[in-house]
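Could you put together the complete structure from these sequences and hints?
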Amino acid sequence: MAMVDEPLYPIAVLIDELKNEDIQRRLNSIRGLSTIARALGEERTRKELIPFLSENNDDEDEVLLAMAEELGVFILYVGGVDHAHVLLPPLETLCTVEETCVRDKAVESLCRIGAQMKESDVVEWFVPVVKRLAAGEWFTVRVSSCGLFHIAYPSAPEQLKSELRTIYGQLCQDDMPMVRRAAASNLGKFAATVEPTFLKTEIMSIFNDLTNDDQDSVRLLAVEGCAALGKLLEPQDCVAHILPVIVSFAQDKSWRVRYMVANQLYELCEAVGPEPTRNDLVPAYVRLLRDNEAEVRIAAAGKVTKFCRILSPELAIQHILPCVKELSTDSSQHVRSALASVIMGMAPVLGKDATIEQLLPIFLSLLKDEFPDVRLNIISKLDQVNQVIGIDLLSQSLLPAIVELAEDRHWRVRLAIIEYIPLLASQLGVGFFDDKLGALCMQWLEDKVYSIRDAAANNLKRLAEEFGPDWAMQHIVPQVLEKVSNPHYLYRMTIIQAISLLAPVMGAEITSQKLLPVVITSSKDRVPNIKFNIAKVLQALIPILDSSEVEKTVKPCLVELSEDPDVDVRFYASQALQSCDQIMMSC
Amino acid sequence: MMGSESDAPPPPSSTPLDWKFSQVFGERAAGEEVQEVDIISAIEFNKSGSHLATGDRGGRVVLFERTDVKDNSTRKDLENSDYTVSHHPEFRYKTEFQSHEPEFDYLKSLEIEEKINKIKWCQTANGALFLLSTNDKTIKFWKVQEKKIKKISETNLDTSNVKSNGLGPGLSLPNGDFSFPAGGFGSLRLPVVVSSQETNLVANCRRVYAHAHDYHINSISNNSDGETFISADDLRINLWNLEISSQSFNIVDVKPPNMEDLTEVITSAEFHPINCNTLAYSSSKGSIRLVDLRQSALCDNHFQLFEEHEAPGSRTFFTEIIASISDIKFSKDGRHILSRDYMTLKLWDINMNSGPVATFPVHEYLRPKLCDLYENDSIFDKFECCQSGDGSRVATGSYSNLFRVFESGSKEATTLEASRNPMRRQVPTPAKPVRSLPSITRVVGRRGTEAQVTDANGNSYDFTTKLLHLAWHPTENLIACAAANSLYMYYA
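Protein sequence lines, in the order shown, are assigned to chains A and B. Using this note's numbering, read the first sequence as starting at 1194 and increasing by one per residue. Using this note's numbering, read the second sequence as starting at 119 and increasing by one per residue.
In short, the hints are calculated from the structure, not lab data. Among the hints, erroneous ones may be present.
What the hints assert, rightly or not - Simulated pairs of lysine-lysine, BS3-like, Cα-Cα distance not exceeding 27 angstroms:
(1) B:LYS165 to B:LYS138
(2) A:LYS1240 to B:LYS266
(3) B:LYS269 to A:LYS1240
(4) A:LYS1393 to A:LYS1424
(5) A:LYS1354 to A:LYS1324
(6) B:LYS373 to B:LYS226
(7) A:LYS1518 to A:LYS1574
(8) B:LYS212 to B:LYS265
(9) B:LYS233 to B:LYS258
(10) B:LYS450 to A:LYS1446
(11) A:LYS1240 to A:LYS1311
(12) A:LYS1518 to A:LYS1545
(13) A:LYS1518 to A:LYS1561
(14) B:LYS265 to A:LYS1240
(15) B:LYS268 to A:LYS1240
Stated by the list, open to error - Anything over 10 angstroms on all C-beta distances counts as not near chain B; from chain A, calculated:
(16) LEU1353
(17) GLU1356
(18) GLU1427
(19) PRO1428
(20) ARG1483
(21) ALA1599
(22) ALA1701
(23) GLU1702
(24) ILE1703
(25) GLN1768
As the list claims (entries may be wrong) - Computed from the model, here is a short list of chain B residues facing chain A with C-beta under 7 angstroms:
(26) THR273
(27) LEU275
(28) PHE298
(29) GLY302
(30) LEU306
(31) GLU361
Since the model is a prediction, treat every value here as computed from it, not as a measurement. We put the CB at the ideal spot given by N, CA and C, even for glycine.
What follows is the structure, given as structure tokens:
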């Protein structure tokens, strides 16, 4: 065994543990690969470390994944871009692993390295890697190759380019559906690097083959390629080649293909231009909104606002709005929920009159929906409508909806509505809030579920921020302080929590006059949990209060707590005292 | 439906094959007690037929590999050497691993047996074998790979006195002000790994697909897309992505809102071998439904229903019980479905739902004894069925470790016994009565004499020795079948 100098000892351990039996240590060493490389120097990294990694690639996936990631940023350690090619062999072997996430990471790292390599090096080193992988015996290798073409292609000379295009075409017709799927999902990226003349011919014919694949899963990915290809083509070519495909996909037998179309369709509208959009894509979209399969309607409903933004308001009102009306009473709650989450965004698109006339009834009916998710989704986007038509028209229906949600028996629903209260408060204004919602906010402080109480306390802080300390002094603080004498200590704890959150917003004066006395009184609580929380709150209050107040009131209280019989109370009190002293010293 | 040559009707194979004993694994010595955990509960060939997997009640999976097909060089060597190459497939034990362990579901107070219900092979990659195995509740994805045994020979530090955990306290890596010389430190070196020629077969559980079934899983089936598979229990079928074990999609749900209305359960399910969107499942009422996954996310509506209507008046108490389908298998080209119910094998053309193309009686002589079979629960035994690669023959098991092979084109049948001498016992026909051999039923089960029925000819059937599981090699005439803990193979 060699002797190693003292400062090198940790690195020596790190290197040895590349082959430790414990996976955690191997992982740790791989994570420190850059340190190892620096310690070995560039030349030995190239000649020893990299070959070592190439040979020892039968490790656990976790280790391989880390290795694939580290190698992606390794150019620096092998001596710069000129030597980047030495990193290709270990990554090439990682591309063969059967675990998808390792392969994906290896491909990502290869792309990252390839993108930095000199053009001549790409041709000399990178392209052969791509060709080898594409001709690999196992499908895993060929899958990996599909993600590398867009890096290899631009640097290749004419003849090689044509060869690469041919190979890609073959991958799209591979026996294994996994390979065809990889080729389909990478087609967009590859096509972006191909010259326009070949794009229209070879790439389009590859694309057409994929769109006619037997496997639904391949066609599905071809749909995704539609939008990407559409953006690359000239509008007239897009209309000629992509449009018919997407229109037929929109009527595909497989609901999953239609689902993908519903998700992608709006992206194509820009690529094809207004005329074909009106003539072909709008009817296709309307069909999807009325699809038999709920999943397709969910996807289509979720894109209704994005789609309408592309169209003129007239078209939207004429074609899309009738469907939206139908969807608002759809039999599937998920469809209604998807619609509710985006429909408010249509208001700015349609303008004031159309919104009042057409959308408002839909909003109102969704606000009365039997499923809380639907109502919540409407409420969450209230600001979008407010800008267009003001809140008054909605407020009548809003209140019952909010109250009902506030008292829903599922605590997650209550939690969700609390999250929206500050938004509602800002939209509805102080007056409305005082009348209707203030009481609810106080009620939540005494909810049976901790998460609700916690959220309620936080909500008070956000409200105080929204409406200012003066308003809070009137409408929040007295009500909160009243509750501090609640017989149950858990509720008292919520109030203490609310006080500590409010204090920074309220400022020094109100804190010392109103909040601090209550906190000091509570320090005499009989429950230790309250007492050590008081210690924590006091610690938090110290920076807000001025130093005389701290010296006069806070410190004596903490001293008393630090002599408490309970160990936890003593602990937090002494911690608070320490920070107290620190702040005093720095003053 | 599909326009390939394989569509052509199977050649009229009039001559029954001459079945010969090939191999046996785990043969029982005379008088040896069968251990419950050793009883084979699943058999499956992989797609090419190069490997065979069995699962048992003890939760183990055993792999066998074919030995008679060698690469060219070896074959040449064999020919040069004065050695007769056997002309039927031969397998050898490859490895085994514990796939499932007994578990206890604390929420439902239910014991979960480790018994392997089904095994399915997945796509081979990088020379490693992949398979899915399932017990009643949990499916596991296994990778079996040869690993070279490696030894680390040189390290920087004396391993015997290095106890640190890499970067423990007091052992931090050099920080910023530590400078690395341009040439690196010459004294550091990488560990030297010496790999020996010895290899180790390692089975790794890659993924566990759990908590998706309230009832017992009866089948799993891979999709032709290579990325998804289904798992079916009594009431539901779930769709999984092989790479994602955290979620599955329910695609068939036959559970009525009120369990008292339950009249029918799912007994078996299989994907079409070519069409990725077609799925078949069978029911306890004797029907097979084809569903199209493209139609809807929840495939409650079938597009094709196969069932045979009993002639009115012939109904008995047992009609419904024996109609229950215990297994279905698509033919290799996907054109036909083979189904097994208690008394018969039926072959269906997926384009013809008026009735089966052929019905093969398996053990008609048991019909008068249905009452006894019901009494001792044998009537609920779940026999599997299989079809030859070319679709011209079908086979299924029966009692007394017998199995029968039928010619698709005719009513010809061969009865074989899972023993070293398969032909020693033919199905009793009045014309050719065969005397029962006491040795056939030498293993008396727990049911004792009650389980043995002697017919008019003096033949006895042992209901404890039932041949439930069997598989046909995908390309050759080779059947592997399980008789309790023994795996028998026959070729023709």
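Verification of the supplied hints:
Between B:LYS165 and B:LYS138 the CA atoms are separated by roughly 23 angstroms; this keeps the pair inside 27 angstroms, and the hint holds. Only pairs whose Cα atoms come within 27 angstroms are accepted, and A:LYS1240 paired with B:LYS266 is accepted, the gap being roughly 24 angstroms. Taken as a hint, the B:LYS269 and A:LYS1240 pair is honoured in the structure, with Cα atoms around 22 angstroms apart against an allowance of 27 angstroms. In summary, the hint linking A:LYS1393 to A:LYS1424 is supported, as the alpha carbons are separated by about 13 angstroms, within the 27 angstroms threshold.
Of the pairs offered as hints, the one joining A:LYS1354 and A:LYS1324 holds, with about 12 angstroms between alpha carbons and a cut-off of 27 angstroms not exceeded. Restraint check for B:LYS373 and B:LYS226: the C-alpha separation of about 19 angstroms stays at or below 27 angstroms, so the hint holds. A C-alpha spacing of about 18 angstroms is found between A:LYS1518 and A:LYS1574, which places the hinted pair at or below 27 angstroms, so the restraint holds. For the hint pairing B:LYS212 with B:LYS265, the CA-to-CA distance comes to about 14 angstroms; that is within 27 angstroms, so the pair holds.
For a cut-off of 27 angstroms, the pair hint linking B:LYS233 to B:LYS258 stands: about 13 angstroms separates their Cα positions. For the hint pairing B:LYS450 with A:LYS1446, the CA-to-CA distance comes to about 25 angstroms; that is within 27 angstroms, so the pair holds. Restraint check for A:LYS1240 and A:LYS1311: the C-alpha separation of about 21 angstroms stays at or below 27 angstroms, so the hint holds. In summary, the hint linking A:LYS1518 to A:LYS1545 is supported, as the alpha carbons are separated by about 18 angstroms, within the 27 angstroms threshold.
Using a Cα cut-off of 27 angstroms, the hinted pair A:LYS1518 and A:LYS1561 holds, with the two alpha carbons roughly 15 angstroms apart. Among the hinted pairs, B:LYS265 with A:LYS1240 is consistent with the structure: their alpha-carbon atoms are about 26 angstroms apart, no more than 27 angstroms. Between B:LYS268 and A:LYS1240, the direct Cα distance comes to roughly 22 angstroms. Compliance with the 27 angstroms bound is thereby established for this hinted pair. Every C-beta of chain B lies more than 10 angstroms from that of A:LEU1353, the closest at about 28 angstroms, which supports listing it as non-interface.
With a least CB separation of 26 angstroms from chain B, A:GLU1356 remains clear of the 10 angstroms interface cut-off, as annotated. Distance check for A:GLU1427 against chain B: the nearest CB is about 34 angstroms away, which clears 10 angstroms, and the non-interface claim stands. Listed as outside the interface, A:PRO1428 is consistent with that label: its C-beta sits roughly 32 angstroms from the nearest C-beta of chain B, beyond the 10 angstroms cut-off. Every CB of chain B is more than 10 angstroms from the CB of A:ARG1483 (nearest about 15 angstroms), matching its label as outside the interface.
Annotated as non-interface, A:ALA1599 keeps its C-beta farther than 10 angstroms from every C-beta of chain B; the closest such distance is 32 angstroms. No Cβ of chain B approaches the Cβ of A:ALA1701 within 10 angstroms, the least distance being about 42 angstroms, so the stated non-interface status holds. With a least CB separation of 47 angstroms from chain B, A:GLU1702 remains clear of the 10 angstroms interface cut-off, as annotated. Every Cβ of chain B is farther than 10 angstroms from the Cβ of A:ILE1703; the closest lies at roughly 47 angstroms, confirming the non-interface assignment.
Every C-beta of chain B lies more than 10 angstroms from that of A:GLN1768, the closest at about 24 angstroms, which supports listing it as non-interface. Of the supplied interface hints, the one on B:THR273 holds, with its beta-carbon coming within about 4 angstroms of a beta-carbon of chain A, less than 7 angstroms. Taking 7 angstroms as the C-beta cut-off, the interface hint given for B:LEU275 holds, the closest approach to chain A being about 5 angstroms. Of the supplied interface hints, the one on B:PHE298 holds, with its beta-carbon coming within about 5 angstroms of a beta-carbon of chain A, less than 7 angstroms.
Checking B:GLY302 against chain A by beta carbon gives a least distance of about 2 angstroms; that is within 7 angstroms, so the hint holds. At its closest, the beta carbon of B:LEU306 sits 6 angstroms from a beta carbon of chain A; the interface hint therefore holds under the 7 angstroms criterion. The beta carbon of B:GLU361 is positioned within 7 angstroms of a beta carbon in chain A (closest approach about 6 angstroms), and the interface hint is therefore held.
Checked against the numbered hints above, the structure violates none of them.
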